[in-house]
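A.B. asks: These are the residues of each chain, in order.
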Amino acid sequence: MTLVLRLLLLLLAIWLLGKILRSSAQKLRPATTSLPPLADRIDALLPQTQCGQCGHAGCQPYAQALARGEDSINRCPPGGEDGIRKLAALLHTDYLPFAADAPPPKPKAVALIDEATCIGCTLCIQACPVDAILGSAKQMHTVLADECTGCELCLAPCPVDCISMRPATSQPADWRWGYPVIAIKAIKPGSST
Amino acid sequence: MSRLSIPPAYTAASQQPLATLPLPAQLNLWLQGSRCCVEVGQRVLKHQLLAEADSEFGVALHAPTSGHIRAIGPLPQALPDAPLLDGLQLQPDGQDEALPLQADTDWPALSPLALAIRLQDMGVMGQHGPLLPLAWAAAAPPLALLIINAVENEPFLQADSMLLREQAAAVAEAMTMLGRILQPVRLVLAIQQEQGAAINALRSLAANQCWQLEVIQAPYPAGDDAPLLQSLARPEESSNSLCLPLAGVYAAGRAILHGEPCISRIVTVSGAVGQPQNILALLGSPVADLLACAGLPSQQHAIVHGGGLRGFALPDTTIGIHQHSHCLLALAAQAELIAQPCVRCGDCASICPSQLQPQELYWHCSEQQLEQAQHWRLADCSQCGLCSAVCPSQLPLLETFRQTSQQLLLAEQQQSATDAARQRHRFRQFRLERDKQEKAQRLAERAAQQAAKLAQQAATAPSQSTTPTASAADKQAAIAAAMTRAAQRQQQRPDAAASVSSSERDAAIAANRQATIDAAMARAAARKAAQDAAKAAAAETSADSSEQAGLNQQQQALIQAAMQRANAQKAAAASNSPAAMDEDKKALIAAAMARAAAQKAARDAGEQEK
Numbered sequence: 005m006t007l008v009l010r011l012l013l014l015l016l017a018i019w020l021l022g023k024i025l026r027s028s029a030q031k032l033r034p035a036t037t038s039l040p041p042l043a044d045r046i047d048a049l050l051p052q053t054q055c056g057q058c059g060h061a062g063c064q065p066y067a068q069a070l071a072r073g074e075d076s077i078n079r080c081p082p083g084g085e086d087g088i089r090k091l092a093a094l095l096h097t098d099y100l101p102f103a104a105d106a107p108p109p110k111p112k113a114v115a116l117i118d119e120a121t122c123i124g125c126t127l128c129i130q131a132c133p134v135d136a137i138l139g140s141a142k143q144m145h146t147v148l149a150d151e152c153t154g155c156e157l158c159l160a161p162c163p164v165d166c167i168s169m170r171p172a173t174s175q176p177a178d179w180r181w182g183y184p185v186i187a188i189k190a191i192k193p194g195s196s197t
Numbered sequence: 326m327s328r329l330s331i332p333p334a335y336t337a338a339s340q341q342p343l344a345t346l347p348l349p350a351q352l353n354l355w356l357q358g359s360r361c362c363v364e365v366g367q368r369v370l371k372h373q374l375l376a377e378a379d380s381e382f383g384v385a386l387h388a389p390t391s392g393h394i395r396a397i398g399p400l401p402q403a404l405p406d407a408p409l410l411d412g413l414q415l416q417p418d419g420q421d422e423a424l425p426l427q428a429d430t431d432w433p434a435l436s437p438l439a440l441a442i443r444l445q446d447m448g449v450m451g452q453h454g455p456l457l458p459l460a461w462a463a464a465a466p467p468l469a470l471l472i473i474n475a476v477e478n479e480p481f482l483q484a485d486s487m488l489l490r491e492q493a494a495a496v497a498e499a500m501t502m503l504g505r506i507l508q509p510v511r512l513v514l515a516i517q518q519e520q521g522a523a524i525n526a527l528r529s530l531a532a533n534q535c536w537q538l539e540v541i542q543a544p545y546p547a548g549d550d551a552p553l554l555q556s557l558a559r560p561e562e563s564s565n566s567l568c569l570p571l572a573g574v575y576a577a578g579r580a581i582l583h584g585e586p587c588i589s590r591i592v593t594v595s596g597a598v599g600q601p602q603n604i605l606a607l608l609g610s611p612v613a614d615l616l617a618c619a620g621l622p623s624q625q626h627a628i629v630h631g632g633g634l635r636g637f638a639l640p641d642t643t644i645g646i647h648q649h650s651h652c653l654l655a656l657a658a659q660a661e662l663i664a665q666p667c668v669r670c671g672d673c674a675s676i677c678p679s680q681l682q683p684q685e686l687y688w689h690c691s692e693q694q695l696e697q698a699q700h701w702r703l704a705d706c707s708q709c710g711l712c713s714a715v716c717p718s719q720l721p722l723l724e725t726f727r728q729t730s731q732q733l734l735l736a737e738q739q740q741s742a743t744d745a746a747r748q749r750h751r752f753r754q755f756r757l758e759r760d761k762q763e764k765a766q767r768l769a770e771r772a773a774q775q776a777a778k779l780a781q782q783a784a785t786a787p788s789q790s791t792t793p794t795a796s797a798a799d800k801q802a803a804i805a806a807a808m809t810r811a812a813q814r815q816q817q818r819p820d821a822a823a824s825v826s827s828s829e830r831d832a833a834i835a836a837n838r839q840a841t842i843d844a845a846m847a848r849a850a851a852r853k854a855a856q857d858a859a860k861a862a863a864a865e866t867s868a869d870s871s872e873q874a875g876l877n878q879q880q881q882a883l884i885q886a887a888m889q890r891a892n893a894q895k896a897a898a899a900s901n902s903p904a905a906m907d908e909d910k911k912a913l914i915a916a917a918m919a920r921a922a923a924q925k926a927a928r929d930a931g932e933q934e935k
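These protein sequence lines are chains H and E, in that order. Counting from 5, one number per residue, gives the positions in the first sequence under our numbering. Counting from 326, one number per residue, gives the positions in the second sequence under our numbering.
Think of the hints as simulated: they come from the structure by calculation, not from any bench. Treat the hints loosely; a few may be bogus.
What the hints assert, rightly or not - Here are the simulated lysine to aspartate or glutamate pairs, DMTMM-like style, with alpha carbons at most 20 Å apart: (1) H:K90 to E:E692; (2) H:K90 to E:E737; (3) E:K761 to H:D44.
As the list claims (entries may be wrong) - Here are some chain E residues the structure puts well away from chain H; computed CB gaps all over 12 Å: (4) A344; (5) T729; (6) T841.
As the list claims (entries may be wrong) - Derived DEER-like restraints, expressed as beta-carbon distance ranges: (7) H:P101 to E:L695: 18 to 28 Å; (8) E:G521 to H:R170: 53 to 63 Å; (9) H:P101 to E:Q766: 49 to 59 Å; (10) E:A543 to H:D135: 44 to 54 Å; (11) H:R180 to E:F755: 30 to 40 Å; (12) E:A396 to H:L138: 31 to 41 Å; (13) E:F755 to H:G124: 23 to 33 Å; (14) H:D98 to E:Q542: 31 to 41 Å; (15) E:K764 to H:F102: 36 to 46 Å.
Each residue gets a CB set at the ideal place from its N, CA and C atoms; glycine is no exception.
Using the sequences and the accompanying hints, generate a full structural model.
C.D. replies: Below is the structure:
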């Protein structure tokens, strides 16, 4: 009789322990943070130039194609090699060199409208994916340099070819600390200019 | 600076009286955020405006002496690697002919914003841009604590001490002026224990003034703005306090009280020069002239711009000094020292004022692991350079942290620009879609209005308009009926063909397709006919249903209206002129006969009545 009682007690203890463990496991489980959809996470890594050099109509469609696995990660020249590495890390794939048929990456440039030549046709305004061109019909147009992504989509529609791409001019704000080296140079006393 | 031997005589320059630099042969000025308003070859007078501020962060530039403008364009500037940035070369003519100075007599009435703008126009610089940040002055928050920072605890710096010793009265005047305009609750001049002579010069002036003297005893980098604010501001003051550099405050006093723009500054020239001293030099004076004035021996030297810990080497000595050039050092270089591997001595960690682990940070920064560097709190590094100075392995810690911090900043800026571009693109897509919908809605509304107008016309003038409308509607209905008949005939024909050539599969498929197309066409034609008939009926009776009609129906209504108008015009033309057109000759004749008959009837009736 005592043996049966002991067994029953043991079973009860095991059942209770199981209950406690289960409830504590539910309570202590780390909150699963729901990640945004994969296409959005890919879109966050793309440079948002909306240039269409990847063959899609913008960065978001390319991100969606990548998320569906329909395109390769090496088709975004403005993103550069860094961009490919980031995409590879996110998608758990290998790094790929740039696609042979993709245009080569270029240094960032800003569109500049030659305002004397502009006839005010508004075609470039319609082409700009980020609304960085100001102007109205038969009025001179101009590019907001801060908003221009350098996508070059405004070059083709211009009937008078008055838009050119200019690299950013050197400003005091563009100056960067270089590689840590101190140059030492022999100078003569009193040597000026 | 870890690779260069730093001589112990940090304060040697303070032993000598203030020297004045002889007029250099050429002044190389830096257009820092300002737009040039003179031309090459133009003669300018001392204090004349050379460039005006073109942004919130720029300051104006004035001619330090009279002379001719030799060049405007890219010149090497006082930054590491001496990048070519926009500058201006002034060749002095030695006459030092000055514009008359106009002092502000009404300065007590200036608002903080007006003061900030006046200082920007006078070319007085603070740490970044104008002495008083314009955005801060425009917001004009109540100022609890204003600190004038005269602490110099970086090795070699003596310029502020010399300024206090030489111009104590002018500095006191400037502080009184700032206190009166900015109205801080507390105005403090912070100075260091070691600056003994300067303290003595100020003690006599500090009595009965709106400002007080605060002597700092903590070691370097306690004299930087952030630690100074932390140590001097009470908890309730910390959010609205401001720290200004002494040289800027002195220049502000000269500018507001005497109308003199900022054209010179005191520079400490020290290190391995013949006579370390403080030199009053015009802005734009070449570094080589200052070094020559202090007597530079002919040895290999690194010319360092800035203090002993944070300075950077200048590759070019023709560079002109600017408002932040407080110190020039000629440091004798030791034999080339190569950075050794980190030995984990921990000296950098124990000396770091921000309590960071520079050896860990260095590891991640040199590997360009920005996320790890952030994790090890690179953002908290004040870049004081102490870790570099104590490192036994000569690791370029400070230089690495500077570069990586800037990269982090750059990455942040790029990310925000990317986010802005994404937002703009999304908004553009939204805008285009919205415009499209609005346009469709507008068209629909206009068509509905037209239809309503048409219905009204039909209701008001039934005798004139119903007949042509009815005839047009009849004609359209007849055309539709004919088309339907033709379509039915076409439909029957391929069916027969298909039944005959049922043996050939391809032909059957083709025929089937043809049949479906024809059937669709017939259906469309029938639908159109039905619509036309319905419309004609609606136009004849009332325009109840026309408002609900779709775009196609409305277009047809418009066409009908146009036809109706044309018919009405034709009818009018026909009634006016007897010479009728060929096609509606019959109608005209009929109308004329009808009119004649009516006239005749009327005449007959009149005669009968008579």
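A.B. asks: Compare the structure with each hint and give your call.
C.D. replies: Hints, one by one, checked against the model:
no.	hint	result
1	H:K90 to E:E692	holds, 17 Å
2	H:K90 to E:E737	holds, 16 Å
3	E:K761 to H:D44	violated, 26 Å
4	A344	holds, 16 Å
5	T729	violated, 9 Å
6	T841	holds, 34 Å
7	H:P101 to E:L695: 18 to 28 Å	holds, 24 Å
8	E:G521 to H:R170: 53 to 63 Å	holds, 56 Å
9	H:P101 to E:Q766: 49 to 59 Å	holds, 51 Å
10	E:A543 to H:D135: 44 to 54 Å	holds, 53 Å
11	H:R180 to E:F755: 30 to 40 Å	holds, 37 Å
12	E:A396 to H:L138: 31 to 41 Å	holds, 35 Å
13	E:F755 to H:G124: 23 to 33 Å	holds, 26 Å
14	H:D98 to E:Q542: 31 to 41 Å	violated, 60 Å
15	E:K764 to H:F102: 36 to 46 Å	holds, 42 Å
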